[in-house]
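Asker: Starting from the known structure of chain H, fit chain C with the ligands onto it as the hints suggest.
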Amino acid sequence: MFLALRDLVFARGRFLLMAVVIVMMALMMVLLTGLSSGLVDRNISGIRALPITHLAFEYDDKPTWSNSMVERAMWEGWADRPGVMTSTQLGNTMFNARTSKDEPVTLALWGMEPGSFIDPGADAGQAIGGDPYGVVVSRMLVAENDVEIGDTIVLDRVLTELKVVGLLDAHNNIAHTPIVYAPFRLWAEASYGPPGGPPEGESLPDILYDFATVVALQLEETTDIAAVDEELFTVALDKPMSFVASTGYKAERDSVRINQGFLLVIATLIIGAFFSIWTIQRTQEIGLIKALGASTGYLVRDALGQVSLLLAVAVTCGVGIGYGLGDLIVERTDIPYVIDIRAMLISGALVIGGGLVGAVLAVRRIARIDPIIALGQLR
Amino acid sequence: MTLAVDSVSLVLGDGDQQVTALNKVSLTVEAGVLCAVMGPSGAGKSSLLAVCGGLLPPTSGRIAIEGNDLTALGERDRARLRRERIGFIFQQSNLVAALTAMDQLLLMAHINGRKPDGAHRERAEQLLEEVGLAHRASHRPDQMSGGERQRVGIARALMTEPSLLLVDEPTSMLDHSRGGEVVELLARQTREHAVATLMVTHDQAMLSWADQVAEIEDGFLGPPSTPHLKGGPPDET
Ligand SMILES: Nc1ncnc2c1ncn2[C@@H]1O[C@H](COP(=O)(O)OP(=O)(O)OP(=O)(O)O)[C@@H](O)[C@H]1O
Ligand SMILES: [Mg+2]
Chain H
437 MFLALRDLVF ARGRFLLMAV VIVMMALMMV LLTGLSSGLV DRNISGIRAL PITHLAFEYD
497 DKPTWSNSMV ERAMWEGWAD RPGVMTSTQL GNTMFNARTS KDEPVTLALW GMEPGSFIDP
557 GADAGQAIGG DPYGVVVSRM LVAENDVEIG DTIVLDRVLT ELKVVGLLDA HNNIAHTPIV
617 YAPFRLWAEA SYGPPGGPPE GESLPDILYD FATVVALQLE ETTDIAAVDE ELFTVALDKP
677 MSFVASTGYK AERDSVRINQ GFLLVIATLI IGAFFSIWTI QRTQEIGLIK ALGASTGYLV
737 RDALGQVSLL LAVAVTCGVG IGYGLGDLIV ERTDIPYVID IRAMLISGAL VIGGGLVGAV
797 LAVRRIARID PIIALGQLR
Chain C
12 MTLAVDSVSL VLGDGDQQVT ALNKVSLTVE AGVLCAVMGP SGAGKSSLLA VCGGLLPPTS
72 GRIAIEGNDL TALGERDRAR LRRERIGFIF QQSNLVAALT AMDQLLLMAH INGRKPDGAH
132 RERAEQLLEE VGLAHRASHR PDQMSGGERQ RVGIARALMT EPSLLLVDEP TSMLDHSRGG
192 EVVELLARQT REHAVATLMV THDQAMLSWA DQVAEIEDGF LGPPSTPHLK GGPPDET
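Protein chains in written order, with this note's numbering: chain H, 437 to 815; chain C, 12 to 248.
In isolation and in its complexed conformation, chain C is listed as follows:
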């Protein structure tokens, strides 16, 4: 099991301001599976990603990534796990302003303490090709559209060959059809690279590409359902 979340609770804030953002949440995601977590604003979606990525320690419960107990790790080791095993894709694509698309990907090698060599370059080129941006490799974020930026974010997340992708509302900044393209790409990359992908969204329309869907509300996560048989979206357009 790539990601195993076992009755995780997260209490945020202090004093009277305390909010139970996650309430005994359990969830597993296997390699090659795109798991979507749906919920309204304030339901605890970002909180779930934060604990799964080791950005916030849960108040109770366990999180294991490829069998490694995340909750037992210190801050440094969690950062190491993030750069080695986890790919993050954020809401607003969150690219580094000064870097070209190519450099966004190569940055991942630097973060991992390596000077990018030919192999890194090749992989970056291939990933940009896969997300359809080979021709934008030398463009900086301010020279790209929102959809293109989001696709660079996906390529960047895959750069280090992670086993887990954590995706925060990848489509909220995009119009409907662009959003669809991005999620479709995400679903395809999930299968091709055999990663476990946990995507949170409040956009119902994005669920059709998911292999597994769970709903979250007020910190409670419902049981997973399978919207369609594995193998691809039902209504390919």
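Extracted from the complex, chain H is given alone in its bound form:
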């Protein structure tokens, strides 16, 4: 890197410009990753927060949260299969509703057995189960609609009155909709019962409580999932796959990946173009050094060392700035953003990788330069 380092200093203006471009690209990659993780997180954070390994949906080629409906036989069937550590039913229904302040909101009502392993409890107030109409609301309703403990949320059409007894600090959402945690019976009545609840002094038929949306599972690795699925007519998906079953998740994730892919291709091309032009500019000098006896390998190593150094420094700066900016975004704004060190490092590594590919393409030129040009016009 004898030559490379001196070239870096000598042509510092040009290299600085290139470094700034690489810094910006690394920064964009990192910010894009943070924003996309944030966005994706706002979609499925409620699912992510579930302490599960798998979710069993009603059998379907493409099971989704919105279409799945499981019966009591299915969740009870799953419960006593070998390898099932624990399981419980979970109901999911989207509702439009009005808050105490008469604000319209959309929420995902989740019904679960109070105290079951998926019950999140409450960070403030009480968990579900005490009051049959008591619910726990997640952060977005608190942050955006000023919902407080003691408020009543009225579900449209069915007119069920939910009493807010507890709050969660976390943004627990599904399909970008804040989750409201309710006792299973309340959920079933709101989802399948008559508007206004059961008539005075009567109770609803038991069959109302025999349906839910999915079965939440903690499975051992050895569980024969396929066999149980076949028998019970369910599809058990592992946790990451169950994200895909949430509306919009796949499209969001893919569009972000396409953006990142393009950014990488652009990084590769820009760095490739820069070093191609740089190599062409150096043609005379490279010819000279070859005439002095340098091997192509020496010159290529030197050039690649230069690229690597430039990339390493610039990408480190970009990722560092991205980290700082991400921190500010999280601290100071409510923009969905997730600081994921691993994803940031991967973004950085990808830019370095793309840059090296571009540089290798450019640096191949060195092999084709004929040392005879050192002697002038000849040839």
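Think of the hints as simulated: they come from the structure by calculation, not from any bench.
For glycine and all other residues, C-beta sits at the position ideal for the given N, C-alpha and C.
So, partial list: chain C residues that the calculated Cβ filter (under 8 Å) puts toward chain H: (1) L67; (2) R91; (3) R93; (4) Q102; (5) I122; (6) D179.
Answerer: Frame of chain H; chain C with the ligands shown alone:
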């Protein structure tokens, strides 16, 4: 014999464009001898240097450097021979823009796969001193005059203790007196370092420092003559 060229021919171009740049050229240069090859433009001077330095394979004939048959070597081995045994000095001095005079010399160590150590540094300092540029060691080419650059080129060529110096019109970019100084330096270094030096030029005035002169015209090389007795230029100024 350091350099032995034995009936070397070189045909350049293809089809109707073919030119016989060298026609059965034979030549020998011994250690400590400055051999000048004179000729007009297009005579084949650069071609001769190119084949002697292994930059172009001759169409026929043999070239031996310290007994090694250059024409039998592949490209990699010719590059190795160049960096280990041959010093090149080019027309426009051809220094690397980003390097100081000192670094131009140290680059030769790197090319040879060595990290410059104290000994390399000492040798570089001594060579710069010999060419009268000790005070310019940390200057880059754009901070030096043409003559100074050419002298750095000479020091660089001697850095690896080569046995053969190949010199392409070292004075064409310099005025007469500067050119004279450079060739005089070249003649002195040739003797002091006991290298065989093959210099091509079209400048008659530069011949007075040569030990041996041959003329080249249309690819034909004439017999060598000795312009003066060995031991120094006749008209020292
Ligand atoms: N690639 C080529 N194809 C065909 N002919 C060539 C080629 N390169 C050089 N020549 C011819 O070969 C001859 C010898 O060229 P060379 O460059 O060796 O001359 P020279 O003595 O160094 O000239 P100058 O003093 O102008 O540098 C010239 O007639 C030149 O036109
Ligand atoms: Mg020439």
